[in-house]
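> In case you want the letters, here they are:
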Amino acid sequence: QKEVEQDPGPLSVPEGAIVSLNCTYSNSAFQYFMWYRQYSRKGPELLMYTYSSGNKEDGRFTAQVDKSSKYISLFIRDSQPSDSATYLCAMTFGSSNTGKLIFGQGTTLQVKP
Amino acid sequence: DAGITQSPRHKVTETGTPVTLRCHQTENHRYMYWYRQDPGHGLRLIHYSYGVKDTDKGEVSDGYSVSRSKTEDFLLTLESATSSQTSVYFCAISESGFQETQYFGPGTRLLVL
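Chains as they are written, first to last, in the working numbering: chain Y, 1 to 113; chain B, 1 to 113.
For the record, the hints were derived by calculation from the structure and aren't laboratory data.
Since the structure is predicted, the reported quantities are computational estimates derived from the model, not experimental observations.
Any given hint might turn out to be false.
To be verified - Straight-line distance between alpha carbons at most 25 angstroms, and here's what the computed BS3-like set of lysine-lysine pairs gives:
hint: 1; chain 1: B; residue 1: Lys70; chain 2: Y; residue 2: Lys100
hint: 2; chain 1: Y; residue 1: Lys56; chain 2: Y; residue 2: Lys100
hint: 3; chain 1: Y; residue 1: Lys2; chain 2: B; residue 2: Lys57
hint: 4; chain 1: Y; residue 1: Lys112; chain 2: Y; residue 2: Lys42
hint: 5; chain 1: Y; residue 1: Lys2; chain 2: Y; residue 2: Lys100
hint: 6; chain 1: B; residue 1: Lys11; chain 2: Y; residue 2: Lys100
The task is simple: from the sequences and hints, build the whole structure.
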């Protein structure tokens, strides 16, 4: 069983839809949770970063962490074709060089005009 | 964009040959990482460095070695390439550890025949 599970998709939605991307994890020691966006043939770039439980909003993006359920989500409102990419969740314990960053497999999202 | 370059960007090699990939940064960040990305596995950590000459293993380090003789350069060597090492390799950097934002390079596509 992988430490972090993410449905690879692909997920296809019409422009303007609300998108929900999710990850589950098994290790309750994870404290820092991140979402990276990766366009085709590019390196990942950090989209959202949260510490512990709760919500964080940045424009059209909202990240949610539910540590009791070991479940994190990324919501995209008013999705745009430019949001078409692979979204990777990642998490770490928080220690500078022993809490390694663990990634989910990534979910491929396509937003159709 | 964070100042990270990877070379070469594409490489085709034969089984059994040694291969060295280079990551160069201009940000003066202390931490540097090598990941590989494969379908169904997301990003997996190969090795990382927390300072000049200070390196440690990641999740999938077998068959790989690294060196860091200068802050700005982190080399990944495949001692004797195998077809299972065909992958996309990403270098990343961060200021102070895994809990910090990691900035990724553009990637190197390696094909081992």
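> All hints are to be evaluated individually against the structure, with a verdict given for each.
Now the hints, each set against the structure:
Distance check on the hinted pair: Lys70/B and Lys100/Y sit about 23 angstroms apart at the alpha-carbon level, within 25 angstroms; holds. At roughly 23 angstroms between alpha-carbon atoms, Lys56/Y and Lys100/Y fall within 25 angstroms of each other, so this suggested pair holds. Taking the CA atoms of Lys2/Y and Lys57/B, the gap is about 19 angstroms. The hint holds against a cut of 25 angstroms. The hinted pair formed by Lys112/Y and Lys42/Y meets the criterion: a straight-line CA distance of about 21 angstroms does not exceed 25 angstroms.
In summary, the hint linking Lys2/Y to Lys100/Y is supported, as the alpha carbons are separated by about 15 angstroms, within the 25 angstroms threshold. About 28 angstroms separates the Cα atoms of Lys11/B and Lys100/Y, which puts this hinted pair outside 25 angstroms; it is violated.
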